[in-house]
Structures are given as structure tokens and as C-alpha cells.
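Undergrad: What follows is the residue order along each chain.
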Amino acid sequence: MSNKLTLTVSLAVLATMAAAAILAPVLAPFPPNEMVHAAFDAPGVGGVLGADGLGRDMLSRILYATRYTFVATLIATTLACMIGVSLAIIAGLSKGWVDIVIGRAVDILMSIPQIIFALIILAIAGVSLTTLILTMAVLQSSTYYRVTRPIAGDLAAMEYVEVGRLRGERLHWYLFKEILPNMVPSLLAQFGLGLSSAALFISSLSFLGIGIQPPAADLGGLVRENALALSTGRLTPLIPAFCIALFCLSVNGIVDWLVGRFSDKPDVK
Amino acid sequence: MSGNRILSIDNLRVETQTGVLLDDVSIHVDRGEVLGIIGESGAGKSTLALSSIMLFKSGCRPTAGSITLGGQSLMELGTAELETIRRTKASYVAQSAAAAFNPFYRLEDQVTEIPAMAQKLTSAQRRRMATELFEELQLPDPQNFGRRYPHQVSGGQLQRAMIAMALINQPDLIIFDEPTTALDVTTQIEVLRLIKKVASTHNCGALYISHDLAVVSQMADRIVVMRNGKMVEQGPTRQLVDHPQTEYAKRLVAHQGDGSYASTNGSDETLLDVRNVDVGYGGVTAVKDASIRLGSGSVLALVGESGSGKTTLARSIAGLQPARTGEIRMRDSLLAPLVERRSFDQRRLIQYIHQLPDLALNPRQTIRDVVGRPLSYFHGLRGTGAEQRLRELMDAIELPVAYLDRYPASLSGGQKQRVCIARSLAAKPDILICDEITSALDPLVEESIVKLLTRLIKDEGLSILFITHNLGLALRFSHKTAVMQGGRIVEHGDTRAVFEQPQSDYTKSLIRAVPQLREGWLDGFSANAA
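Chains as they are written, first to last, in the working numbering: chain A, 1 to 269; chain B, 1 to 530.
Next up, chain A with everything else stripped away, as it sits in the complex (with noise of 0.2 angstroms):
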């Protein structure tokens, strides 16, 4: 598939599911978590896409799931690659033993399963929408540093970061003038990445139980609550799946085409 028409098909997908996402309220049949159906109504028969085991009604359930993964998703990941990139850009441009103790707190978060840490965490300080994300935005975090503390070193040892050292800039300059704008090619691609992880991982915590708390749901919650229906020969549990699936590939077309875009150099007017 060429590129443009990927991007195309990418955010066609995209801009529906934030729509579905942002317009949830509007476009659902009913309210999400009250039993409209009789249990395991088939589609058609009770709602658009069917009944889940309590008789909830699929579609409106799947419009809100989509709503709260795409903001888990979104504030977790800004924030993690917030972190990670601050860090890096501090410790590239510091070196020293602030640049020794950073990465060696990443090499620790880096060296326990995120899976186990974040159960830890969560058990410790109760799941909620925000320990949730933070866990989530901290845990991430580490990857985002180990992409970018490499770059920030090379562009910290550039002539024109000495330049500004001669003047006496202060740290917010070199983090949003002289490095920040060279990381945006392997940044975009990084965050294109860390989006469908991060989307992959609050679905598995939701799958796992400790994520989005019933009766609301995320997608990935939506799959744990409907699994049981799988023996039945149903394919409720799929739809969900398939959106979470879907995300993380539009997302991966889009950054593919802007990190095309971007590793040209700027041109002339």
C-alpha cells in the first residue's frame, strides 16, 4: 500500500474512533451500564452488535470502553514521553553524577517486568483513572529516556549547545530551542510506538482486572468481561479486540508517514 493512502485510511480510522470516543454520550443507544437486553442477546436482536452476560448493551458499552482508552492512552503516553525526554535532555546536557544516577534509576525501572511493577504499584496505592495513568506515564517513561539520552548526548556535544553556553542560556532554552526541535523525527516515531503499547498495556491491566474498575469499562476490559462468551461460539469479545487493534495500527500509519516527512531537512521558502 502506498503511502499517502495509507495515512488516508489511518486517520479516516482514527478521526471515527476519537468521534465515537468524544461523541459517546450522543451516539449511544443507551446508557452503557444498565441491563436494556436479555443476557447474550445476538446482534440484531437486542441492540446493533448484541447484549453482553448481563444484558448490557454492546454498542453503547464499546462506544464508552473506546473513551476511556483513548484518554488512559493519550494523557499516559504525553506524560511518559514528558518525563522521559526531560530527563534525558537534563542528563545529556549535565553528564556528570546527575547523568549516572538517572540512567541508573531508568536501568532499575527497566529491569522489573512493567506488568508486575504496575500490579505492585496499583495494590499499594489503590486503582483509580490517575494512579492508572501515572503508573502507567512512569513506567513508560523508561523507554522514551533510553530512545532519546543517546541523541540529547550527541546534540548536547553540538557546537551551537556550546554556543549557547557562552551566552549563558538556561536549561528551558536548550530544551525547547537548540535540542528538543532536532528529536522531533525519532520522538514522533518513539510516541507513534509508545501510543499502541500503552494502549496494549491498559487493555492487559483491564484484562487482568486492576485496570478501568466495572462496571465501566475500557476495551480491554470489555474483552475480560466478555471471554466466557467465546465457548458459546459468540464473537462478542472480538469487537472490542478488533478496535484495539485497529487503534494501534492506524496509529503506526500515521507516524510512518510523519516520520517520512520529517527526516527531510527543512527547505527553502
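Some hints here could point you the wrong way.
[Said to hold, decoys possible] Examples of chain B residues toward chain A, derived with CB under 7 angstroms:
#, residue
1, 339
2, 347
3, 352
4, 354
5, 359
6, 360
7, 361
8, 364
9, 377
10, 379
Hint data in this document are derived by calculation from the structure and do not stem from the laboratory.
Here a beta-carbon is modelled for each residue, glycine too, at the ideal position from N, C-alpha and C.
Using the hints provided, position chain B relative to the given structure of chain A.
TA: Chain B in isolation, oriented as in the chain A frame:
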């Protein structure tokens, strides 16, 4: 005649999709002859030289003309036949030997790679072949030289090892592509003498590419002057040097300078006083007990070969690399060793310009951002005030105001360096530290930058610490000169005195090693040195 002709290129035209690289170029080389090719970067020198073995950069192809090497027309040959010809008939000596050798293999294995590809050779045979050439090229301890790895020998030695590699298949044609440009002057002399000797004893033809007319005039029998892919002038060396016909060739010859000194307009008032400074990195002391003085309104040239500590000393003055002992004074105030400890005004008054403008300009900032930042930082200028000053600065560096909205990538090397100069001028400094700012530029571009600086000294009342390895430039541009060797200042005085009555042996050898246009200079040098 035709039996002696090794290479002839006739009416060659090389094109890319977007433009013409070479246009109607004809050259020829006879056995035992060295043809010099001179021109600025981008003039098509390397393209022309490499076309003699049918090597073209990707996207380029010859569209007209003919290339004949050793009696064989190359245009019609297939890839396999061309590879055989490249392996047996021609060799290439690149500018940077350090980049041309594989750091993981011993020198003798790399030098003898070509014959070993053609026939099975034992390692003893390979060593014997290499040793012979190492001996001829006067490398130290030729028996064991080949056992070493590239990083274990000096730059000059590595360049000679590369010449050995070029000679090993007894080629008809050797292409020397700026083979001494990366070397210091004193090292350059050795390599030049060897190349000249080798070219005559091996009775092959040679193409010698350089942007340095003095070097080419010593090496070549005939010279071709290239510009923008066209042949500007061609003729026997002496004729071209003594009676250049075209305007461009005249400028090239004139650029070599008439040996006149910069007029002294500097006052005796000491602006910058560096006393007994030691600077080091870790356990290494790169600058030892150095003292220099920069008078206000004057230019102090700091000359020396690579590794002599020039840049380290300059960086310690700028406060980038703290001096361990000694003191640096600007007018009456003592400067802190580290720039972070210096005052706002002290940081403003000393501006540093780097060697490579590519690294010194952020690729994602427009020229307006680059030059505008010191205006707002040091002088609080914004809006129309800043715009006014930006226009003045662009005028001062002789670039169109429209360039303000461009990114560095769309500027040439010389233009980028001008932008760096504008950025430092924006601070309204007293002192400019120029660290080899013209060494990456072509001679005529260098000339224009130096002219610009000369004007700025008057207009803006600047004083300049000018670091260079180019003695000719120091002579033309500076009022005072300090010579560094091994981290020490070995000579410091009026430029005229330093060049006319050098006191230290090192300064004498440096001055002698600067290539000259004079006929027989290189030969005379070898006799002197022997």
C-alpha cells in the same frame, strides 16, 4: 606520442538528473607526467579524476565524449571488464587515509589486498611485497611497519601507506585526491617529496587534485583549472603560474599573496592579557605556561600544527575549558576560569566562532532565530528594534536580508560562516576568538571572509584572536603572531618580526614548509633538508 599516452578524456560531459557536473572537458596524461587539477569544492575536480576509471557518483552518468585509458576506450566496457581495469591499471589515493583504512586489519594485509585477490599469495610473500614499498616510501622500520594497525601510526605515515597501496599493482595511472590536505605543513613536505619521487621512478601517469595552487605548482607538469564543471584554463605549470590568461586563474595566483603584511593600526593598549596559563584534560596538560597579549583593535594570530594546543588555549580564554593555573585578564578585570562564573558583560564582550559552521548552527533555526537570539538576550531587542539591527547585521556580513528566513541547510559554507560572524557581532563584543574559521573554506572564499573581518575591525572596533594553521594567512592578516608547539608558546611578537627574523628553530621550519609558487621550491627544500 600515442604509445606514451596513458589517459585521454575528450569532450566529456557528465550529467545528473538536475544539472551538469562536467561540461565539455578534455584532458590527457602521458607516461611520467603529472597533471594537476585545481579548483574550488564543487568545481568537478574529483568527478573528472574518477571518470578516468569510469567511476561516477550515483545518479551521475556520462552523456557525451570519450574516455581512453591505456589505449582502451572505457565507455563501451561492461562492469566486469571495468573492474579488471580498475584493479590493474589505476589506483586512487584519497584525502583522508584515516577514513580509507579499515581499523580492524593490519596495514600489510590491506596494502597487499589487490595482488592477493588476483593470485594466491602466502603471508610471507605479501609481507615481502609490502616491505619493499614501505622501504621505498621511507617508512620507519619497514620490516615491521606492516604488522601495525592503522591507529598505531601517524597521519603522515598512514598517507604514505596508502601511497604504497596505490603502487602495489604497478598502475599506469595514479589519482591523488587532495592527498596532503589533512596534513600539517611539515608533514606535508615529506609526503609531497615522496609523491614526486614515486611518480618519476615508477614511470606512470598521475592526476593530482588540490585546491592549493602552490602545492599543485610544485607537483604538476601541467595544470587544469576547473570551475563549475568547466575547464577554465589549461597549460604547462610555469606558463599558467607566471602568465595566467583568464580572470579566474589570475585571482587564484594573486590569492597566494605578495608577501605584504597587514598595516598596523592597533594601539598598544592591552585588551586581553593571558599570563602563565596551564590547561589540561584529565591527566594530560595540553597547554603549558602560555602567555599571550591581544592589543585593542588588532589581530593576534595563534599559529601551530594540529595538537599544538591552539584551540585548547582559545577555549580556556573563552572559559569553556578552565585554566588550571595562571590568570586571564580583560582590561582591568580578572576573568573566572569557567564561563559560568563570568559576568553578563564579560560573556558578551568575548565571542567565539567555531571552525565548522555546520556544527555551530542549529539546522532547525532560521538565520533570523540564530542572529536574533543574542540581540534579545544581551540587548533586550525585540520587534522593530531587533528587525532594524538584523538588517544592519546582514548588511555588515554582505548577505541579502531575504536570507533571514532561510535555514542553514540552504546556505553555502562561506555564507554559513558569515552567519556565525553576524551572531557574534550581534552581541557587540570587544574580542572575537576565531578558531580556524576559514580552514574548511575554499581559498577565494577564505579571502572574502578575511576581507570582511578586516573591515569589521575598523567599523566595529574589534580585536581578534585568530587561530590558524595557515601561516600565509597569519602573515597577511595579523599584526602580532604567537607560535605554539607542544602546548608552549615558542615565539610571540610583531608578525613582520616573527616571519622575517624567526627566533626559534620550530618557527623557522614552519615558515620554510609553507608551499610556494616559486619554481623548484620543493626540490630546493629536499636539498636543504637532506
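Undergrad: Hints first: check each against the structure and report whether it holds.
TA: Results of checking the hints against the structure:
no., hint, result
1, 339, "holds, 6 angstroms"
2, 347, "holds, 5 angstroms"
3, 352, "holds, 6 angstroms"
4, 354, "holds, 5 angstroms"
5, 359, "holds, 4 angstroms"
6, 360, "holds, 4 angstroms"
7, 361, "holds, 6 angstroms"
8, 364, "holds, 4 angstroms"
9, 377, "holds, 6 angstroms"
10, 379, "violated, 12 angstroms"
Of the numbered hints stated above, the single one contradicted by the structure is hint 10.
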